[in-house]
Each structure stands twice: as C-alpha cells, then as structure tokens.
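Letter by letter, the chains look like this.
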Amino acid sequence: GEKVEQHESTLSVREGDSAVINCTYTDTASSYFPWYKQEAGKSLHFVIDIRSNVDRKQSQRLIVLLDKKAKRFSLHITATQPEDSAIYFCAASMWTGGYKVVFGSGTRLLVSP
Amino acid sequence: GPKVLQIPSHQIIDMGQMVTLNCDPVSNHLYFYWYKQILGQQMEFLVNFYNGKVMEKSKLFKDQFSVERPDGSYFTLKIQPTALEDSAVYFCASSSTGGSETLYFGSGTRLTVL
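Going down the list, the protein sequences come from chains U and P. Quick note on the working numbering: the first sequence kicks off at 1 and runs consecutively. Quick note on the working numbering: the second sequence kicks off at 1 and runs consecutively.
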C-alpha cells in the first residue's frame with residue numbers, strides 16, 4: 001500500500017527565514033496531497049493542498065511543489081513567524097475502492113524569534 | 001468553520017473492558033475516518049466509512065475494533081476487548097466527497113488502557 005515518508009523530523013529556523021519540508025510517496029495512483037498543521041495538544045487542521053494535475057500552488061506564505069516523476073512533494077513556508085511553530089503532516093490520498101489518506105510521520109517546526 | 005466533535009475527550013479504562021469513542025461529524029459530510037496517534041507522532045490510518053460500510057481498513061484495525069453510524073447518530077469506534085497497546089489519541093475526521101477533499105478533524109479522544 002501507499003507509504004508516505006516525511007524526511008525532516010524536526011526543523012529549526014529563525015523568524016523571517018524560509019522553511020522547507022519534504023515528503024515522498026510510493027504509489028503513482030495517489031492524486032491528492034494535503035498538508036495539515038498540529039499545534040501542541042491540539043487537533044490537525046488543513047493548511048494547503050495540491051492535486052496531481054498541477055505542480056505548484058501558493059497560498060499567501062505557503063507554497064507546495066509536486067514532482068510526480070520523482071514522487072516527491074514539498075511545503076515551503078516563507079517569512080516564517082513564531083506562530084508557524086507546530087507539527088506539519090504531509091499526506092497522500094488515493095482511491096482504493098474508498099479514499100484512503102495516508103500521512104507522513106510529521107515534522108516539528110520551531111521558529112525562533 | 002465546520003466542526004467535528006469527539007466525545008469524550010479523555011477515557012481511562014481497564015484492559016479487557018469495552019470502550020466506545022463517539023464522533024459527531026460535519027453535518028453534510030459523507031465520508032468518515034478514524035486515525036490513531038501515539039505520543040503526538042505518526043497519524044496512523046485505521047478505517048474509512050461511507051454509506052454505512054467500511055471501505056478500507058488498515059492492519060491496525062484489529063478484529064476487536066468495529067465502527068458504525070446508525071442513522072442520524074454518532075460515528076463510533078468500539079474496541080472490545082481493549083488491550084494496553086490501544087492507548088493512544090484517536091482522531092475522527094470527515095469529508096464531504098472522499099479523500100480528494102479536505103479532512104476535518106475532531107479534537108481527539110485520549111484513551112488510556114490500564
């Protein structure tokens with residue numbers, strides 16, 4: 001089945017710098033790639049997504065890139081702020097007779113002032 | 001925004017007992033999911049549910065696990081009997097049209113099996 005690998009378990013940046021989180025997936029049938037943010041002790045909430053028919057999407061300070069040939073996608077957070085500190089999960093979704101959303105292991109991002 | 005409610009937020013039970021975790025999904029959503037998270041780390045897929053049926057389940061969805069959503073009521077995850085390794089935070093999620101759309105997560109139920 002689909003496996004999603006999230007390469008950075010932790011990432012520390014200074015406020016104002018950019019942060020990049022990289023993920024890879026195994027199943028070429030995956031077609032939808034969302035990102036979720038989890039703040040300490042809280043639930044996950046959606047931040048941005050990308051579908052397999054495009055290779056780039058931007059929403060304010062967030063950019064996601066998708067390289068289908070390499071089966072790789074990434075989240076770029078520009079001009080980081082302390083409130084960006086959280087665990088970020090990448091995910092891949094595919095139809096298997098029902099939609100299955102498989103998550104990466106999470107990246108703990110720390111933005112220091 | 002849309003909210004998924006999970007009840008209770010914490011549950012402590014003795015090993016071998018039964019537990020039911022309750023989820024009130026977003027009202028017009030059709031797809032429902034359970035995930036298990038241990039120690040704030042990996043979100044492990046357990047099961048997805050649509051139109052009254054389990055569509056897919058993972059190896060973590062043991063025979064002791066079951067899900068259902070009787071009409072108009074909660075989407076539930078039942079574990080019977082519980083084991084120590086079932087201790088985790090269980091997140092319910094729902095989506096409107098399946099996994100190609102945003103999942104909305106509840107705040108989780110922290111289950112402690114003693």
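For the record, the hints were derived by calculation from the structure and aren't laboratory data. One thing to keep in mind: the hints can contain errors.
Claimed, not checked - Some but not every residue of chain P turned toward chain U, in silico, with C-beta under 10 Å: (1) H29; (2) Y33; (3) Q37; (4) Q42; (5) M55; (6) F65; (7) F91; (8) A93; (9) T102; (10) Y104.
Positions of the beta carbon are idealized from the N, C-alpha and C atoms, including for glycine.
Cross-check of the supplied hints:
1. H29: violated, 12 Å
2. Y33: holds, 7 Å
3. Q37: Holds - the Cβ of P/Q37 comes within 10 Å of chain U, reaching about 9 Å at its closest.
4. Q42: holds, 5 Å
5. M55: Check passed: Cβ of P/M55 comes within 2 Å of chain U, closer than 10 Å.
6. F65: violated, 16 Å
7. F91: holds, 6 Å
8. A93: It holds, given that the least Cβ distance between P/A93 and chain U is near 8 Å, below 10 Å.
9. T102: holds, 5 Å
10. Y104: holds, 8 Å
The structure fails hints 1 and 6 (numbered hints given earlier, in ascending order).
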